[in-house]
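Take a look at the letters that make up each chain.
2 protein chains.
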Amino acid sequence: MSKAKGNLAVGQSGGPTVAINSSLCGVIQEAMAHDEIGEIYGMYRGIRGLLQDQFIDLRRQSSEVIEGLRHTPGAALGTVRYKVTPKDYERILEVLKKRNIRYLHYIGGNDSADTSWQLYKLAADAGYELHVIGVPKTVDNDLWATDHCPGYPSAARFVAMAVRDTGRDTEAMGPESPVKIVEIMGRNAGWLTAAAALAREEEGDAPHLVYVPERPVSVEQLVEDVKRCYEEREHVVIAMSEGAQEAPGKTLGEEYAPKEVDAFGHRMKGGVSDFVATLLTGRLGLKVRLDKPNYIQRSLMVCASPIDLEEAYRVGRQAVKEAIAGRMEGMITLIRDPGPEYHCSLGVASLGDIANRERMLPPEFMNEAGNYPTEAFFAYARPLIGELQPKYVRLTKYFV
Amino acid sequence: MSKAKGNLAVGQSGGPTVAINSSLCGVIQEAMAHDEIGEIYGMYRGIRGLLQDQFIDLRRQSSEVIEGLRHTPGAALGTVRYKVTPKDYERILEVLKKRNIRYLHYIGGNDSADTSWQLYKLAADAGYELHVIGVPKTVDNDLWATDHCPGYPSAARFVAMAVRDTGRDTEAMGPESPVKIVEIMGRNAGWLTAAAALAREEEGDAPHLVYVPERPVSVEQLVEDVKRCYEEREHVVIAMSEGAQEAPGKTLGEEYAPKEVDAFGHRMKGGVSDFVATLLTGRLGLKVRLDKPNYIQRSLMVCASPIDLEEAYRVGRQAVKEAIAGRMEGMITLIRDPGPEYHCSLGVASLGDIANRERMLPPEFMNEAGNYPTEAFFAYARPLIGELQPKYVRLTKYFV
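Line by line, the protein sequences are chains D and E.
Going by the working numbering, the first residue of the first sequence is number 1, and it counts up by one from there.
Going by the working numbering, the first residue of the second sequence is number 401, and it counts up by one from there.
It is worth saying that the hints were derived from the structure and are not from the lab.
Ideal Cβ positions, reconstructed from N, Cα and C, are used throughout, including at glycine.
Possibly wrong hints are sitting among the right ones.
Computed footprint of chain E on chain D; a stretch qualifies when at least three of its residues, placed anywhere within it, have a C-beta under 8 Å from a C-beta of chain E [said to hold, decoys possible]:
| no. | segment |
| --- | --- |
| 1 | 33-42 |
| 2 | 56-67 |
| 3 | 280-294 |
| 4 | 391-400 |
Bound conformation, chain D alone:
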């Protein structure tokens, strides 16, 4: 320990995923390999742990527990949604100095990149040497400068598997309850919803319609789309982003929401899928069923993409390597190598370029009608989630 230049703090932020603990494992295991690093502190509940001087001693954990993080969903250090403001700066510096923290790794999305960026500038302005290298994580997949975000491939894999399977359920029910809406996470970005289309193996498979926030569709178009699909095959499976819109800033079907308040005076909101279900039943007379897996989307470990767990681990390790190599600030990025075989190399971008920026689904990833992803999206996303196995069968309708 005598060679140590200082201590390391690692934290997790925002929504948990199946892969964020794999990144944590990468940070810890890499940190243990470097004599420059003294203590390894886990920020308890993210930046709040730093503000409250609450750290978990990660050197005291067994190696089995550290290794087990690679297949444990959630966020083992606890997480937080807290926006650092200048009033916190003094306290932050105080704790950093008290604990001699010289390496700081925050695992998270845009907001976490912003927090990391503030911490880096704060320390630099105060002349306190602090290496701040962020680790990307978000199922929303909306971080700038990286091919994709750890956490996304696994959530995308869940979405594809769930839509494939609940699609078979809807197909079996037929005209009795012919419309299924699967509501998918992503208030602003449609990356996760688009992944539902990876469920389709052959023509006619679910999903039949996919709506993302980036491409508002009118109520009239939606009704027309569903009507056409129903007439084609007597059932319709819709993957709908929780943030689907009919015009920029206007939630799809929001005028079909209940108008009254509950017993506590709160307006009952429901999700966009509730409104759309009401709309479709009213306009087409079709029974609509909803699946809202919500937080199960980002936590069901059995659906994890092996590529995702491995990449999450690699970006965690790389963050420590970059800090040890002398880099003062940055976020690790994934850079897809050219060629037919999928592989990503690791890069690094400035935190300042990532904070407060969102990467939306590009226009060429959705079709002209705005109701289904394109081949370009499939080429992007398929290698991330891997094959869906086993292949299902369908009876041929040889009627007697």
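Once you've looked at the hints, dock chain E against the given chain D.
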């Protein structure tokens, strides 16, 4: 074919599961092994296919497709919820005779057993020889005379896995959004909801509270339970049956439902979890999050219990064997063998004993407070869903 005594018809009914096609495969493969059976007809969309003389020729399907049914979710023949009444009898007899159907296997739950029972009596009264042997299927697990119902173990396994994993998500979020309600299928019977408790591996794990329809709890007790759990660990995961009640026939928290109608004049209903979320936020000021996996519960193949898929296949085969052996009516049952190793033998019960009867969670499977299953339930259910792998880890809170 010249030895054939007649043709066989098989149908699927009610909600699809991950295992109902495995039973269909069992029926078809067993039927193919008996010269007594001529054509093998699949009733297209259940009893409706019989009424409309719509049958899929199952002998023309490839053996790969038939075998692939064992791992394909949904209901490959299409399913139906239709209650046969005496006005249908003449038409049914007409089609049975026209197609020379002498073996009839309907895969389903209570309602399907009732349908099968009516068909058997109808044929017997008309002096038409028809063997009617039902195949059990329901995620609700509420069939009489069988240890459990194919379909239940897999849905139960999904529920346990989902609650385990989304529980880690809630734990990570901590006091920021500390209450999670997972709404689970089962309007009258709590078997599936109780299975959530199989998620718990160590003290403190999710779920913390489990509410089933058979054990109404008052609003006061519910609020008290949640408050106590929150004070203990700053987060609470609740497994709640969609049919949870505060008094027999009264949905839990229904007075907290929105009072107004939507744009089409429908009362917006929401599920019991919406009401309870509103109630808890209002009474305790805690942020509540909901997971409503709905139909994903019964269709996500990756969560299938291997025991379930195998048993579903066996009961399908056995139904044909019983018919060939001369039995005129019945439903195949699973009988758990005594001894430490889990194994079920197959039996048969009269359809008349199963139709129109429900098997509720017995009182000894829930604790006195009515908010958690007992060891007796675990002993019953654990062998059915199998081990949850991999085991997760948790950091020890060695605070610095």
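Now the hints, each set against the structure:
{"no.": "1", "hint": "33-42", "verdict": "holds (count 3)"}
{"no.": "2", "hint": "56-67", "verdict": "holds (count 7)"}
{"no.": "3", "hint": "280-294", "verdict": "holds (count 8)"}
{"no.": "4", "hint": "391-400", "verdict": "holds (count 10)"}
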